[in-house]
Amino acid sequence: MTLPWACARAPKLFMALGAIALTAACEHGVRMPHEAASAGPATVTDATRDAFGQPMPGLSQARRHQFFVGNSFFNLNWVSAPASVSDRDGLGPLFNARSCSACHFKDGRGRPPEAGENMLSMLVRISVPGAGPNGAPLPDPIYGDQLQSSAVPGLTAEAEVTIEYRQVRGTYPDGEVYELLSPSYRIARTAFGPASTEILLSPRVAPALVGLGLLEAVPDATLELLASETEHEGITGRINRVPDLTSGALSIGRFGWKAEQPSVLQQTAGAFNGDMGLTSRLFTSENHTARQSGPEHFESGGAPEVSDEILDQVTTYVGSLGVPARRDVALPQVSRGEDLFLELGCAGCHVPTLPVASKESLPEIGIEEIHPYTDLLLHDMGEGLSDHRQVYGASGGEWRTPPLWGLGLVSKVNGHTRLLHDGRARSTSEAILWHDGEAKLAREAFIHLQQVERTAVLAFLASL
Amino acid sequence: MFASADAGIRKRDAIGRALPWLCALSTAFACETHPNDANGPKQEPSVQVSPLETTTLQAFNKTYAEIAYAAYSDAVDGAKQLQSAVDALVDAPSDSTLVQARKAWLIARHPYQRSEVFRFYDGPIDRVEMRLNTWPIDEGFVDGNASTAGIVGDFERYPALSTSLLVGLNAAQGETSISTGYHVIEYLLWGADKRNDGAGERPFSDFKGPTGSLQQRRGAYLKLAVQQLISDLQSVQVEWAPGSAQNYRTTFSNLPPRDALALAVKGMGALSGPELGGERLTVAYETKAQENEHSCFSDNTTVDLLDDALGIEGVCTGRYARADVEVIHGTGLCDALAASDPELAAALRKSTGESVAAIRSIPAPFDQAILGADSTPGRSAIGRSIRALEQQAELLSRVAAIFGLRVASVKGGS
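These protein sequence lines are chains A and B, in that order. When we follow our numbering, the leftmost residue of the first sequence carries the number -14, and every step to the right adds one. When we follow our numbering, the leftmost residue of the second sequence carries the number 3, and every step to the right adds one.
Check the hints yourself; a few may be wrong.
Claimed, not checked - Not the full set, but computed from the structure, chain B residues with beta-carbon under 10 angstroms of chain A:
#: 1; residue: Phe122
#: 2; residue: Tyr123
#: 3; residue: Asp140
#: 4; residue: Glu177
#: 5; residue: Lys268
#: 6; residue: Thr378
Claimed, not checked - Using 35 angstroms as the maximum straight-line C-alpha spacing, the simulated DSBU-like pairs for lysine-lysine come out as follows:
#: 7; chain 1: B; residue 1: Lys225; chain 2: A; residue 2: Lys397
#: 8; chain 1: A; residue 1: Lys397; chain 2: B; residue 2: Lys82
#: 9; chain 1: A; residue 1: Lys344; chain 2: B; residue 2: Lys290
#: 10; chain 1: A; residue 1: Lys397; chain 2: B; residue 2: Lys64
Stated by the list, open to error - Just some of the chain B residues that point at chain A, by a computed CB distance under 7 angstroms:
#: 11; residue: Ser75
#: 12; residue: Ala94
#: 13; residue: Ser98
#: 14; residue: Asp124
#: 15; residue: Gly280
#: 16; residue: Glu281
#: 17; residue: Thr284
#: 18; residue: Val285
#: 19; residue: Glu288
#: 20; residue: Asn294
For the record, the hints were derived by calculation from the structure and aren't laboratory data. Even glycine gets a Cβ: it sits at the ideal position worked out from N, Cα and C.
Chain B extracted, bound-state conformation (with noise of 0.2 angstroms):
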């Protein structure tokens, strides 16, 4: 209401500047020409848009399509090994049951991180990761300590445990109230990290006591929380199938291409910037405090984020490997932005890259690189990685502004 004619002119150039990332995103905002606006014409997006081949840019999205499904199918089978370690574990407790367990959750862990890439869009894993590997947990949420019975303590107030009580309890009182998920069952395996040098030291006793005990219910809610993540993961893999008439892959394949690479872009953006760069590495560098590290119960942040990164290489390169076996090799982002930016394609390669050598150089483990004079080995290694992946970012960002998405602002999710 107040304004006047002129600030209506005035405002033109924002609406100039807004609109075009608004409309790239056709599922999320409706592309329009504002009918009130008696200015004239709307103004042309600002940025050129480069003639890419369609066909690059659908090969593009095939790739993308393949490698998603290839992630999620090993995550999928990940936490069925796990399942079968877990279940090991909880009906014989022992050093070497509780051992191969934790094992079984480390193999699991690499396939899942490389999917990470997949979020933030309101794809397929959005709608459940919350439940998958939202960090960090309130362990005394989940399992008791001086203070609270935590969930598999509290026989009075939860006298049966169940996947649905896990699930209807998870991230219902705070966001880092967390029942469910990688981190919850890292937990339970490892227990809380006290030593310098090593992980959690939780004992294989822990699992071992009559039926109706504490250490009974610890194995059951292990068990639920391994058996929930095997039916989450389950349910976005499914979408990500080929040869499905309805799933989310159908939909993603008959997106216009450009919009289809908008949102790989959007994914790789917010993953690269404010999730790792941010929220990952930035709160865990500026705090220099253990429960800030992805992974602090089994030591294995270090891997996660090698994980994450060489997740974001893949789609840039359109490779995808299985146990270091190579077997997707297809069409990648940095090969469609080839076509119309070579220069940019060529910049965006060797970002990724660099992201990956210096997230490769943070020793482990991350808890303790973290701390100490910023001169050292750790904490430099670190910082080199926050810049670089601010910097992937940033280049993500100007990918994104040629096929008129802004992704800059995207923030991590959990």
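The following block holds chain A by itself, in its conformation from the complex (with noise of 0.2 angstroms):
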């Protein structure tokens, strides 16, 4: 368990970065950060409610002025046309949320619905099987790509989910026992007819958006260095090549649960169309079908609804938000944890350094590296997870590692604990035990700790 896989995978790296060789980089021992600034100087020291909110420290006047704006744009209502506010009707007239803040609440994590509530910060992407163009997913003829469950007034909502948990038990070898709640997904409601039998509902829970300038400022290199290293210990990243509306080229994905977007720009362009009915320049169609009659009646919000000069606001706003600072770093317990992480082999895909070149996107941020604990590859996690549909180049047990930056205050700004694509895990041990596939070893080299030590590697993870 000494000797970790990183020795294996990180050699190439190593050389792109001009640091040293592979020999002494084992020899040196890789090591994990044991730093509280996870992003360098990009670092935010809030650890309060809004420490998913801050911009990043020393941003240029003109990008914190866009931010702000940018954040307005975030947190406003959008309202369906036309309206008196015309910068921002159009809402719909199908959609998930009538802001961006409505699923990414203080620019945190969602969760699915308690009983009795309405899916809100979740969502549940379809398809029916096969592929289209690149893998693209096939739409289901009459609800399309994505079920709103929403609709302006005079317009039933395409359909609800429901969900029910069934509870799986079971035992660490200590002893310590486990329970984990197993979900199943169900249409009903439809409102435009049945939708295909053959579907396929990927459910999924907004992330929280902090870093995510950082992220688009690693290389391409060196994730294709990264999914270029050999396996070892089960694992291999791959890259999702997506469609980039902009360059009209393949990009390597980066965003989504899928990595499905390659770019903060089309990400949010996305989530305007998708979740909350709004045409961009990247995304000039509504998001109903030809199929669904209705929807087409209902008045556009303008020729796009979301003005360049928006998207580019909520987009500097999105991409600007700072990571929060670590608490705890060198408590014992947590040091601990942070070196079982690494013999365990999570850092095996939660890789905890990657290099940024942010030169370009972000030139007064002076920040070469950063701790997202994220490779931003595809991994199979096995069969529990999988949602058994194609995106692009992702498999449906297939999923982007999810950085983990952050992690810990989840429940400070958002008031709950669920983790995973679709919150399933109420925990961060209950996450853990999902793994599976790629991850298999991982996990079960964490559930033969001693207790004591899986606490430690959990106080490690709230540290982040």
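Join the two chains into one complex using the hints; note that each chain is given alone, in its own frame.
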């Protein structure tokens, strides 16, 4: 356990960084950061409920002003057209949320609904078996690629999705009992006729948004190198190559649960379109299909509904959110947990340190490396987490490694501890227990730890 | 894992810079030396800490707590006056009772805005602030318009209104889906502001209707919102009350004096720069949109801004006035700072005065001042105010550096 996988997977990246060769790296012992500033000078010190909503320190005045304006549009509810507030009309007619902040509340993380609640900070992507160009998911003929759970007055929402949880009990080797929630999803109340009988559902909670501009600045070459490393202890990361609507070519996917978006801009415009029913220069069509009768009668909020200016402001906002500093970094328990994280092999996918080339996108932030705990690559996570649908290069069982920075503040910011793509895990340990596929060895190693060591790993994760 | 030994050494500078400000807030961060750090002893903080006399710091902390208690007590009193006026309006709607209720709202705003300087560090106010002063609000979420019934008009979904219903709905569907607080009450009292030369013009008849009517629901909602306002403000007031062994004031007083001062500076910096300079002024200045003004229904925004700036200045000078009569005159931040860095203290005192003056020069109504060319009196005054507040925030971040805390990055909450 002491010779980490990292020595097998790191060398190419080391050489690319101009650091040192493989042997030296392993002689010196590859280290975890043990550092409070997860994003160097782009780290923010706020550990309050507003921890995820801070601008990176040191933004230029112009970008800071854009940040605040973008924030206001991020928070504001959009309304149906026509409206006196023409800046922000055009909502829907089909939508999941009225504002970005409805799902990314306080720029944080969504969760599945509690019993009796509507699905609010979570949505359901849909498709039918097969694949389109470049492996794109095939939309349902009537309902398209996403179920919109709300509609403007005069129109009925597409459908509801109900969740049923089955309790799965298990025990750690040392006898500690755990219980997981295994979800199943069903479509109900379809408003435009029956959905395909083969429909595939992929429920997803809204992720926290910290540090996205930095993840965007990780060089393509770094990700190519990480993806080219040979398989070690079952881990092989893959790049999802997805259409970049700005260039018209395929680019490396970085954002979204399946790494299906190549840039903060496209992710933002995609969310405006799919989640709020708003067109922009990247997505010029509304989110309903030709087979749906009704939505086409509703007035548009303009062409496009989200002006270029507002789209760019919101993109700047999202891309300039700083990363909260870690807490309790050197508590012995946390420090021990950090070392265990490496020894267990967790860092095989949750890569602690990546280089960034931010000269172009964020020139005023002098930053060379970040500690996001992700490789931005796809990994097979096993049958239990699979949604059985292809998204470009990603198979149903493959998910992009989510960054872990900010993890420990989700409960503070969002008042819950639901994790994984559909929020089924109620705690960090449950999330670990769901890891399978390429992460099976790391999970097995985790459950075989003594309880005090498991607690240390969780304490480390809570410090992020 | 990719950090080589070399990279580790390179990172030490960042660690050296990062630790002092993290350590300063002992309530939020554990102070530490890295145990696995094989590269020698931890670097000393790069900023030399000035030896401030503990007694001065303690005097400042005492004044700070006194002002906080006074401001929240006045805010509670203001809200109770508002409640009497709102009860009178709802019980007997008329032009006169509506005018009286609006007047009471305007009066109640002064102490609350002065108290905003106590936000932004997980203090007592930060637990309930989202229920008190969140803005902008989505009017349609509260009260109906063409496209939505709002909570007031949605009898089916919300058959019975209650404070717990309103609290539960507040911000549950997004950061502008707001159901409680000053601006919801403001909207219910004034309605949307569609005039260029004045505030909203909701008629008193909006509250006059038989049992079970929309108008009656609106009045019931208004009463509940005021009731919740009072109880939220009281929950903060008791935390700052003297003589309690277990409230926040005692915790605050028992903090190492430098840590308590660091919290105060953090709040002042966050309110100055990101909140006032950024969200309340820059956004309105850049978008020229009325909905981005703080009190858009009553046209009270310029007064709100001024009270915020006066609140910051008051913590700096150690003074608090009730109805223009000075009731507290103690040790301000500038006094405490003067012992170690008289130049910075003088600069901060000057800067807070300049912010107040710049904001005072913004012509009312604010929604007209933001319009037109940048050279108009309104826009140039707002531009000056933004620069003054950013300068003030910069000075406060220098003060924070003296106490080992960095505040430049702190953004406003709501």
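Verification of the hints:
no.: 1; hint: Phe122; in the structure: holds, 7 angstroms
no.: 2; hint: Tyr123; in the structure: holds, 7 angstroms
no.: 3; hint: Asp140; in the structure: holds, 4 angstroms
no.: 4; hint: Glu177; in the structure: holds, 4 angstroms
no.: 5; hint: Lys268; in the structure: holds, 9 angstroms
no.: 6; hint: Thr378; in the structure: violated, 19 angstroms
no.: 7; hint: B:Lys225 with A:Lys397; in the structure: holds, 31 angstroms
no.: 8; hint: A:Lys397 with B:Lys82; in the structure: holds, 32 angstroms
no.: 9; hint: A:Lys344 with B:Lys290; in the structure: holds, 32 angstroms
no.: 10; hint: A:Lys397 with B:Lys64; in the structure: holds, 29 angstroms
no.: 11; hint: Ser75; in the structure: violated, 25 angstroms
no.: 12; hint: Ala94; in the structure: violated, 33 angstroms
no.: 13; hint: Ser98; in the structure: violated, 30 angstroms
no.: 14; hint: Asp124; in the structure: holds, 5 angstroms
no.: 15; hint: Gly280; in the structure: holds, 4 angstroms
no.: 16; hint: Glu281; in the structure: holds, 6 angstroms
no.: 17; hint: Thr284; in the structure: holds, 5 angstroms
no.: 18; hint: Val285; in the structure: holds, 5 angstroms
no.: 19; hint: Glu288; in the structure: holds, 5 angstroms
no.: 20; hint: Asn294; in the structure: holds, 6 angstroms
Taken one by one, the earlier hints fail for this structure at numbers 6, 11, 12 and 13, listed in ascending order.
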